[in-house]
Every structure is written in structure tokens, then in C-alpha cells.
Amino acid sequence: MSSVWPHLPILQVVIPLMGAILAAFTRRGATAYAIALAASLALPFVAGAMLWQVLSSGPISYAIGGWEPPFGIEYRVDLLNGFVLLLVSTVGAVIMPFAYRSVGLEIDSGRQAWFYSVYLLCLAGLLGVTITGDAFNAFVFLEISSLATYVLIALGHDRRALLAAYQYLIMGTVGATFYVIGVGFLYLLTGTLNFVDIAARLGDAPPDRINAILAALAFVSAGVSLKLALFPLHAWLPNAYAYAPSMVTAFLAATATKVAVYLLIRLFFSVFGQAVDFAALPVGEIMLLLSIAAMFVASIIAVFETNLKRMFAYSSVAQIGYITLGIGLANQAGLTGSIVHLFNHAIVKAALFAALGCVFFRLGSVSLADISGLGRRMPVTLTAFTVAGLGLIGTPGTVGFISKWYLAVGALDNGSWLLVFLIVASSLIAIVYVGRVVEVAWFRPANSPAVAEAADPPLSMLLPLILLALATIYFGFDTRLTAGVASMAAEMLIGGLR
Amino acid sequence: MEALRTLIEHYNYVVTILLMVTGLYIMVARSNMVKKLVGLAIFQTSVYLLYLEPAKIVGGTAPILDPDYTVYSNPLPHVLILTAIVVGVATLALGLAIVVRINEAFGTVEEDQIFGPDRDR
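Each protein sequence line maps, in turn, to chains A and B.
Quick note on numbering: the first sequence equals residues 1 to 498 in our numbering.
Quick note on numbering: the second sequence equals residues 499 to 619 in our numbering.
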């Protein structure tokens, strides 16, 4: 065990990467599933061990191939990305038991081995973006995860899944290329690609270079914002989530945008924080404005949506607005709210989309009109759905309340009562669209034979859903892990600002 | 006049930026999905140039430790762009593969025609 200990950072990426190759070689769905399951279950333990190590003895720096940073690629784990790694790998593990039946139904048996192989590639890419301390390496992993995501979305059963994948491919690649342009500027300015090293060298850059630094900042922010679906750049997201296979939607909604948000936080606070005086730039104001627009516009669109997967995809855009709101506030409580909402929104959305996956498994549809009266037929599924819905709204006693509490405190610290009011008002819109689904499912009579015959799905699908719903409540009371780590990470990030 | 001189002296960057906006324009303006991918490829290629141009130093050699040579070119941007080219090729291949599937499913690769009947709202 002690010989593995120093190599945990690389294991986090190598396990899913090797798993992907093995799964592709097997060509048989069941074998590939076993490999994917084993790899996914191992990852949270690796991530947990690293986070524990960071908490007890400070950040981990791992030199790939023995090439010392800043010359070689460095994997660097601190509180912030240790937390995100744990989140992504845990969601990946929890969703896997759900995948077996759901993928079995939605993907042709000849393609299942490829599906699990691509899924592991996507996981490897997301974990790689999070763990790496190298700007260009982050781009490569970003593209590994993105290319895998396009394939996963295109495997959806509806033919519109292909259009969604194509649209996402075009926009996602433009975003990644913008990020590369920004990294190119940074490399020209500093001659290094290591995040820590870039930050140190930008710090003492001559003042006449400020324009180039700002251009780099603009390009990487625009590029990463496309990936995380910040409000006006979110056009790819609703269709991609709506037409992807159920398991893919649950996984992506919980992880992909979160990793992009992490990258944005890392760039803003750890890389540019030293060199750029954010208080003198309108970055915070722009972020706040776009976040508020996301919270309201996307929520209102969700209210009028009848395809439930699209409804909660728009809700994701709105929830990302809350996360970026905390980044825009850039104070201790606001940033804590952002980081904790990364986690909280991930488990809530994974639960909601997993529940919709169960509904699709039984009904073959996720349209609002078709689920009338379904609550009595699929009580466990719909109860978990309702609990997660309460978490999304931010009811006290659920995770959503914790994040919104921190965001509201952050807004008050900036002296803005208006923002507090807007946070509460946008939560009220969430009540409307979650309430619509709950009302139709529980209080209307069953009106179709499909609903009358429906029953809760098999235990393998139900168990992850119950686990996620319980986590929604548990982390609403016990915030030592989530808000505790998030608050320490926020303190570290704010400390790095000029 | 001064601005014009700067432009002519840095004509390589002018070409790069022209390619960049050409690629972006094609992606926005064209409805044919294959042409959009061509635009994407042009856009990505311009970024390769953006990296490679500053890496070239006139009269510079590969960084070999030898008393005869004092001017070196930085090889790292070339290596980075080699990686970026691989990523670009993979993206283009996947994009074209998806377009083939779209053509099979919809019978056309024109966005105008596809989004007529299958528009979501």
C-alpha cells in the first residue's frame, strides 16, 4: 500500500484510461460493464485518500515521469480540486449500478462495449482537467472529455441526438480553441505552462504587458464559459441533455459543467488573481449580470417546457447561474457558496435525471403529459424525485438551502440586498416548475395504460437514486465535508488574490 | 502611417487573424454542416499559426548545447501544436462521422432543411 501512496494522483487518470482501452477490446457489453464498474468504484477511494492527504499535510505535487515542475507536467491536488475530484469520481461510481439496466434498454447490444469504453474516456478526461496543474494538459484533457461527450450524446435513441451532438461539437470546439488562444498568450508572456509558475511570473510582469494579460484573460474566460454553459453561451446544453441516453444525462449534468466551473475558478483566482486587479475591471459585474440573467431567463423557460429532460436541462443553466454568482461576488461566503453548490447541485441533478431515467425505463417517454398519475405507480422513484426537487428549490433541510444561504450571506457582505432578493425570487420560479411536475405526477389521475402498468424499476436502478436522494437530505444537515472543505478552499483562493 | 507600418511588419499576424475570422464567419454563416466543419478546421489552423510564428527565430537553431551556436528557437510550441493538430484531426473526423449519421437519419446536411420539420419549438 505504501508504495502506491505517492502515485495516487496519476492513478486517478490512469485507471479510467486503461479501463477504456480494456473495455474497447472486450467487445462484449457485459464484460465491458464489469470493467467500467470496477474502474468507477475504485476512483472515489483514490480521490478520498488524496483529499484526506491534502487535509492532513497540504497540497500534493506529482511530477509526471519524474520531470520536475515547471519543466514537466505537474499534477497538483489542493483543497479545491481534491474536492472536485471526489465529487466527479463519486458521481461516476454511484451512477454505474444505474447504468446497467438503463444502458441495456437504450443502447443496441452491439454498441454497449463501445459505450462503456467512451464513458470511461469521458471520466478520465474530466478527472484529468481537474487534477492537472498544466494549462496545455488541461486543454488536452478537456478535448478528451469533450470528444467522448459528443459520442455519448450522439448515441441517444432520438435522431435529434445527432443534431445536438453536432451543435455541441461545433460550439465546444470553438470554446476549447478560444481557451488555447488564451493559453498561447500566457505562454508568450511567461514562457511556462504550469499554473503556479504562470501566476508567479505574471505577478511581476511589466505594466506595459497588461493588455496582453487582459487579452489572455478574455480568451480563456470566453472559452471556458462556453464549456460551462454560462448564460448566453448555453445554447448547446438543453438539446444535448434532452436527447442523450438517460445515464449520460445524469452523469454529464452532475460532472461536465462542474469541471469547467472548477477550471474557471482556478484560472480567475489562482492564475490571474496575482497579476490582474479584478476590482478595477468589470469582471465581477459582468459575471453577476450574466448569472442573474441565467437564473431568471433559464428558469422561466423551464417553467414552460413539457419535455422533462429539457425542463431540467434549462434548470441546469439556471443553477450554473448560482455558481457563477458566487464567483462574481468573489468574497469568502460567496465563493464558499459557489464551491459548495458545485457539489450540491451535482447530487441533486444526478438524482433528478436518474429519476427521469427510471421513468423513461418504464414509460419510454419523459413528457409531462405522459406522467400523469405516475406517483402511485412508481412511488419510490417519484418520492426520490420530489426530494431532489426540494433540494433544487433550496428548501431548508436540503442541500440547496446550504448553498443559497452562503450565496445570500456573500451578497450581504457586498452590501447588496437586491441580490439576496433576486436569489430568493429565482428560487420561487424553481418552485413553479418542480411543482408542476409534482402536481401532475402525484395529484392527477392516471390516464394511459402505460402508466397503469408501470412499477418502480429494478433495485439496481433504484439504489443509486435512493442514495442520491438521501445525500440531498444528509448534506443539508451535516455540512462538515461540503461547506467545511469549500470554506477552506475559498479562503485559500481569496488569499491568492492581489 | 505608423499603424500601417506595424501591420506590414507583422503581416504574418494579419494573415493569422484573417484566417481566424474567416473560419468563424463560415461557421456562423453557412447552413451546410460539412462547410461548417471546414470553417472549424480553418479556425483551428489559424491558432496553430498563432503558436508557431513566435517560435520561429530567424537564424535560430535547435537548442543544442554547443559553443558554435548562440541563437536558439524554442521547440516547445511545435510540440504543443503537434498535440493540438492531433486533437483537431480527431475533432474533424468525429464531426464528419456525425454528419454522415445525420445524412442517413435526415436525408440532408443542410441545417435550414433539417430545422424546418424538426424544430424543437
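Just so you know, the hints here were simulated from the structure itself, not pulled from any lab data.
Be aware that one or more of the hints could be misleading.
Heads up, incomplete: computed chain B residues facing chain A, CB under 10 Å, no partners named [unchecked claim]:
#, residue
1, M525
2, S529
3, N530
4, L538
5, F541
6, L548
7, P552
8, I596
9, I600
10, A603
11, F604
12, E609
Backbone N, C-alpha and C define an ideal beta-carbon position, used for all residues, glycine too.
A quick look at each hint next to the structure:
no., hint, result
1, M525, "holds (6 Å)"
2, S529, "violated (12 Å)"
3, N530, "violated (12 Å)"
4, L538, "holds (6 Å)"
5, F541, "holds (6 Å)"
6, L548, "holds (6 Å)"
7, P552, "holds (6 Å)"
8, I596, "holds (5 Å)"
9, I600, "holds (5 Å)"
10, A603, "holds (4 Å)"
11, F604, "holds (7 Å)"
12, E609, "holds (8 Å)"
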